[in-house]
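Required output: the full structure, derived from the provided sequences and hints.
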Amino acid sequence: MNIMDDLSYLRKETLVRKMREIHTDIIVETVRDMCISANLNLALDMEQAIRRAAETEDGKLGKQILGQLIENMDIAKEDGIPICQDTGMAVFFVNVGQDLHITGMSLTDAINEGVRRGYTEGYLRKSVVADPLIRENTKDNTPAIIHYDIVPGDKLTITIAPKGFGSENMSRVFMLKPSDGEEGVKAAVLQAVKDAGPNACPPMVVGVGLGGDFELAAKLAKKALTRATDSHSDKEHIARIERELLEMVNSTGIGPGGLGGRTTALAVNIETYATHIAGMPLAVNMCCHVNRHVTREI
Amino acid sequence: MDSKTVINVPFERAQVEKLKSGDYVYLTGTLYSARDAAHKRLYDSIVNAESGMTMGGEAGNKTTFSGKELYEEGILPLDITDNIFYYLGPTPAKEGQVIGSAGPTTSSRMDKYTPLLLSKGLVGMIGKGKRSQAVIDAIVEHKAVYFAAVGGAGALLSKCIKKSEVIAYDDLGTEAIRKMEVEDFPVIVVIDSEGNNLYETAVEDYNSSK
Chain A
24 MNIMDDLSYL RKETLVRKMR EIHTDIIVET VRDMCISANL NLALDMEQAI RRAAETEDGK
84 LGKQILGQLI ENMDIAKEDG IPICQDTGMA VFFVNVGQDL HITGMSLTDA INEGVRRGYT
144 EGYLRKSVVA DPLIRENTKD NTPAIIHYDI VPGDKLTITI APKGFGSENM SRVFMLKPSD
204 GEEGVKAAVL QAVKDAGPNA CPPMVVGVGL GGDFELAAKL AKKALTRATD SHSDKEHIAR
264 IERELLEMVN STGIGPGGLG GRTTALAVNI ETYATHIAGM PLAVNMCCHV NRHVTREI
Chain B
874 MDSKTVINVP FERAQVEKLK SGDYVYLTGT LYSARDAAHK RLYDSIVNAE SGMTMGGEAG
934 NKTTFSGKEL YEEGILPLDI TDNIFYYLGP TPAKEGQVIG SAGPTTSSRM DKYTPLLLSK
994 GLVGMIGKGK RSQAVIDAIV EHKAVYFAAV GGAGALLSKC IKKSEVIAYD DLGTEAIRKM
1054 EVEDFPVIVV IDSEGNNLYE TAVEDYNSSK
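Respectively, the protein sequence lines represent chains A and B. According to the numbering used here, the residues represented by the first sequence are 24 to 321, in order. According to the numbering used here, the residues represented by the second sequence are 874 to 1083, in order.
It should be emphasised that the hints constitute simulated quantities derived from the structure, not laboratory data. For every residue, glycine included, the Cβ atom is placed at its ideal position computed from N, Cα and C. There is no bait here: all hints are sound.
Just the calculated beta-carbon pair ranges, DEER-fashion:
(1) A:GLU206 - B:THR1074: 26 to 36 Å
(2) A:ARG75 - B:LYS1083: 12 to 22 Å
(3) A:GLU270 - B:ILE880: 36 to 46 Å
This is the structure in structure tokens:
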């Protein structure tokens, strides 16, 4: 080893020592708890939205179904039974602070280990097959789907959104043209909702990703589902479209369970990104009334 | 729902015609769970047996079996005649529980397999969501019924399941076939034996009442 190599090594050591460290044992434990918590307790905003809807729903069967959903949430909480038997594929949005140093195993391995423990120890359903065609169950609900973002700071923020596939299967991507405009966006979202109908277990939450490219639109649509039902886009014109679309969706008459009523959706959340001069990608990610999401900062 | 209609299952075929689209009823008796993977296996077993395929994969004489014969010949692990399938893959039961969360899955994925199973005597299905025209036609032809349970109410519905035992395809885990004893299991008749479809009429009725 020559002297230059030795010095650069020392400099690197000093830098590393300044960084905040998290051991992956903490991440595994946190992810395990998040998996269980998300599947047993609906986020407060979702719970409140369903309770409010039950009071105002005027469809006869629709009202009855919302009543059953409230009873279901209460039983799930009291008896520790998952709200829905489809405890989903574990989808994560992870923000990694660029000044953070993670020790132990790889972050991805740690998240998957947390999923493995959470889904096994929490008696959650293992719904993942290793290969789309061979379809052999992995028996521990791994691998998870993990979206990473590098962000400023030294914190690790993990959001889990266990996603059921009854609604996932009704999701759509539309490569709209710029000339389709706002009307085109609304028509496509409405069409996706109508096609989904009872299959997506309404009342649904509609996640919309607008802009970016083919895959970013889809990712934004999923991310939109992790927003609270009573939140609005920061952009004024998008917040208006969210409101107008919710009204349009709730005028279809699909209703709870698809059996007629006003409450077809609890929210339409739109996330946007810059896009190309030639395009306007639009993704609609459907979620059922069991729209689960939990966020923890470490 | 003040007047509660309880129906014992499995029921006599004649009773199917009394069930009308829109009826809210409670089932008590025996149901079998079966979803995607179990359906594929049942379907493939019937198709292979009837095409006369030998174990070695050689073609033989074509035959047609009834549901009862399929069971007696050991082709299917249960006699589906007059029985009801519940499209379900539950979460695992904890100690002291009969079953974990146990709500319906989306029925349309079973559409490919359903007409054949109905032709072999299956009389009813419980799931959620739309069915294909081919399934609706087969429901009318064989005088069967399609019920919906409330999607996403798995904790609530699990309380109506009093006994549950895996009787076939154990290797499929959550997708195995379970024999279940249910009590007052709430369902809505969506497609009746005449082909009336509540998913169409309920939304139309709601909208025209506005």
